[in-house]
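A.B. asks: So the protein lines, in turn, are chains P and W.
Sequential numbering of the first sequence, starting at 786, is according to this note's numbering.
Sequential numbering of the second sequence, starting at 786, is according to this note's numbering.
Read the hints as simulated data drawn from the structure, not as lab findings.
Mixed in with the good hints, there may be bad ones.
Identical chains blur together in the list; that is why a pair holds if it fits in one copy or across any two.
[To be verified] Restricting the straight-line Cα-Cα distance to at most 27 Å, the calculated cross-link-like pairs of lysine-lysine (DSS-like) are:
(1) Lys811 - Lys950
(2) Lys1056 - Lys1032
(3) Lys1049 - Lys1032
(4) Lys833 - Lys1073
Treat the numbers as computed from the prediction; the structure is a model and nothing was measured.
There are 2 protein chains.
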Amino acid sequence: MRIIMDGLGGDNAPDEMLEGARLAVKEYGVEILITGEKEKLRAVAYEKSVPLDGIEILEADGALTMDDAPTEVLRGKKNCSMAVGLRALAEGRGDAFVSAGNTGAMVVGSRSIIGCVDGLRRPALAPILPHTTGCFMLLDGGANVECRPEMLLQFGHMGAIYMEKILSIQSPRVGLANIGAEEHKGTQLAQDAYALLKNSSLRFVGNVEGRDIPFGACDVLVADGFTGNIILKLMEGMGLFMGQTIKGMFTRNMLTMGAALVLKPALEGFKKKMDYTEYGGAPLMGLKKPVIKAHGSSNAHAFQNAVRQAVAFVKEDVIAEIEGTRPQASSAG
Amino acid sequence: MRIIMDGLGGDNAPDEMLEGARLAVKEYGVEILITGEKEKLRAVAYEKSVPLDGIEILEADGALTMDDAPTEVLRGKKNCSMAVGLRALAEGRGDAFVSAGNTGAMVVGSRSIIGCVDGLRRPALAPILPHTTGCFMLLDGGANVECRPEMLLQFGHMGAIYMEKILSIQSPRVGLANIGAEEHKGTQLAQDAYALLKNSSLRFVGNVEGRDIPFGACDVLVADGFTGNIILKLMEGMGLFMGQTIKGMFTRNMLTMGAALVLKPALEGFKKKMDYTEYGGAPLMGLKKPVIKAHGSSNAHAFQNAVRQAVAFVKEDVIAEIEGTRPQASSAG
């Protein structure tokens, strides 16, 4: 199997990306095709003593930055490392694409270069987030600001397939982000999506209120991209806030620093649980080929996990499953 | 001044409510008019040794429960403690109304019995939430699921008036909950509201993403009621999650319990900061008279704070200010 990686996307590229690629070659026996400036990448690999066995470099003209407009990936920067990687995937030069670059550009670029399964205009961004006893997949995390009810049903199907195939959750519980438990709650979109989800073949557990999200109310949380992005970023923000608060408590004086030592195992267990990079990145669900958005601040370990996730995505043939649910989804709706 | 209190609303009524009323009479020199079953309330007051000086009871037929449909406050339970309280406020038998009861019923009941200022169909639920360095007001926390852009502008004005008058924040920063910093981000509603807010007399600080909400990005956060309710409840849920996680760390063994003792001052400071009842309840903004929704699990201290808040609301004549911004809001928009 061959995984294509964006050599220049993210805060820690190319250094950590190269190390992540090396770890992935070693651990999963895959080949890696990295996109970027050959000279530069080879120089960094040499400097950091990262052997390039099993790693090939595909020339690209620099990176798309976080400040670039997403559409630049198709226009002024159509030879950037992300665009070159997406085209390589479209041409079959690899089985999946991983990038830690500009999320908006990945949505725009993959939609145009890879294409969506029938019935979706854009892929859904599907981050995997921690809850008290495990994790859940959120779709859509922000790619589709305006959604139709049928799209939310499809988000449910795609998320359920991922959680079952990749994270081995049998019969995943699908919930709808809403502002009350009752069927008639929420916007017209939420009410219509409720009806579709209820009558589908999914294990629909009904509406999930904000308060219940962190407590594992469902394995797949369905929302329009606006609501989903608010949820995604607020959970990230509250997690950061929480981390800072705990840190602040411990660094007050010698006594509290001693207390921190005592609590170290618990703190590290908690940190690991909250570390979403353990699950890899956020797949862009609904594309005709596997594309994984790694977190912008991915380190080598996070890049490695994103490759592991891409490998599983390919092996389990998630996309064929998604395409297979299309008629079912339509007839059920 | 006379504050009307719902004697039977909330998880801890009437016991804690009565004690809160007593504390309010003592601390703020107000009179309290409590609605509920006279015999029952007097018996509880006697049993708990709560003197009823300065407290009058207005007969009502029991409570509206959390399971009752909100519209019951106007129909089958139109003589419940909440409905009687709202009518007493409408009739001028008191200056403000405080209840810890069913939020939906308070919105429906106050809209019908008290009425909204021109331009609003329903009041906005306006909870005050903690951030790293203080607090902010969120409007709308869930009363208006579908909003027009003009409503979001008015939420901004109402919130700014509250934060300036009641919490003494000079020139409050008003932000719009959105999924990106740029003007063109988000739904059509968000884009249109952005334009209105930008051209208003408010100190508009632009879009606020979920990640920045806990870090004090603004003093007033404007959102439609669907988005606002997701934010409100997710913050509550993440706060609970955080509390449980910290508690779990400390109760592992004797050593960690020792560490908890060392960290006690920091923990209590944090707990106090996160305790939204310090700011009182959530005003229903946009009504013709002051109505405060106290948290459902309010204890005596929270009820006392809600009365303090109601007193400030009346003294500062927040509603006249809100009515005064109407033409300004229209011309600015």
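A.B. asks: If a hint holds in the structure, say so; if it does not, say that too.
C.D. replies: Hint check results:
1. In this homomeric assembly, Lys811 and Lys950 come within 27 Å of each other (Cα to Cα) only inside a single copy, at 24 Å, whereas the closest approach across copies is 63 Å.
2. Within a single copy, Lys1056 and Lys1032 get their C-alpha atoms as close as 12 Å, and across copies as close as 15 Å, so both meet the 27 Å cut-off.
3. In the homo-oligomer, the alpha carbons of Lys1049 and Lys1032 lie at most 27 Å apart both inside one protomer (12 Å) and across protomers (14 Å), since each shortest distance falls under that limit.
4. Taking the shortest alpha-carbon separations for Lys833 and Lys1073, neither the intra-copy value of 36 Å nor the inter-copy value of 68 Å comes in at or below 27 Å.
Of the hints listed earlier, the one the structure fails to meet is number 4.
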